[in-house]
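Engineer: Sequence:
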Amino acid sequence: MNKVAYFGVMTALAMIFSYVEVLIPISLGVPGIKLGLANLVIVIMLYKYGWRDAFLLSTVRILLSGFMFGSLSMIIYSFAGGLLSLLIMTILKRDDGYSIIGVSIGGAVFHNIGQLSIAMLMLESYHIIHYLPVLLIAGVVTGFLIGILCKELLKRLSNIL
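Here the sequence shown is numbered in the numbering used here, starting from 1 and rising by one per residue.
None of these hints come from the bench; they were simulated from the model.
Be a bit skeptical, because a hint or two may be false.
[To be verified] SDA-like, lysine to any residue: derived pairs with alpha carbons at most 20 Å apart:
#1 K48 to A12
#2 K34 to S73
#3 K34 to K155
#4 K151 to I113
#5 K48 to K34
#6 K3 to D53
#7 K3 to F55
#8 K3 to R52
#9 K155 to I113
[Claimed, not checked] So the derived label-pair ranges between C-beta atoms look like this:
#10 P25 to L123: 13 to 23 Å
#11 L87 to L23: 23 to 33 Å
#12 I137 to Y98: 11 to 21 Å
From the three backbone atoms N, C-alpha and C, an ideal C-beta is built for every residue, glycine too.
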């Protein structure tokens, strides 16, 4: 498949997953917990084409979904989490000791850390650090699930592409 067409399909999938996440409210007493479905597409792009294309896809997805389904503050929080997440996933991917599941967990955990960090700066309050344990657990669980899906999808995509 042509790389531009593949990028377009991945962008569309990321947007669909972002919209689905807006529709699925997860309330564990901590704002901002999501399944991370759009990260599925980012991880696949990272493994298929590398960090530059994953960065571009992540940026396009954050901007489009922020303008379509969110707000400027959502874009700021998403960039903070998304960029830190992609940086960590890129580092972990280069280390042979981490599987795609480990890379996904690292990305999910650091996405939450990035968003919490920017929230503390924007709100000028460090009291929200108390959300960290719940966010870390949520990141491990969702990262694990997304990692399993990525592993299976990459197996199937290798047969197609």
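Engineer: Confirm or reject each hint.
Structural biologist: Hints versus structure:
1. Taking the CA atoms of K48 and A12, the gap is near 17 Å; set against the 20 Å cutoff, the hint holds.
2. Between the alpha carbons of K34 and S73 the distance comes to roughly 16 Å, so the proposed pair stays at or under 20 Å and holds.
3. This hinted pair does not check out: K34 and K155 have alpha carbons roughly 25 Å apart, beyond 20 Å.
4. Of the supplied pair hints, the one linking K151 and I113 is violated, its CA atoms being roughly 24 Å apart against a limit of 20 Å.
5. Our distance criterion of 20 Å between C-alpha atoms is broken by K48 and K34, whose separation comes to about 24 Å.
6. Distance check on the hinted pair: K3 and D53 sit about 10 Å apart at the alpha-carbon level, within 20 Å; holds.
7. In summary, the hint linking K3 to F55 is supported, as the alpha carbons are separated by about 15 Å, within the 20 Å threshold.
8. Of the pairs offered as hints, the one joining K3 and R52 holds, with about 13 Å between alpha carbons and a cut-off of 20 Å not exceeded.
9. Using a Cα cut-off of 20 Å, the hinted pair K155 and I113 is violated, with the two alpha carbons roughly 30 Å apart.
10. Take P25 and L123: their Cβ atoms lie about 22 Å apart, and the range 13 to 23 Å holds.
11. At roughly 29 Å, the beta carbons of L87 and L23 sit within the given window of 23 to 33 Å.
12. Separation of I137 from Y98 is about 20 Å and conforms to the stated range, judged on CB atoms against 11 to 21 Å.
Violated hints, listed in ascending order, are 3, 4, 5 and 9; each of the other numbered hints is respected by the structure.
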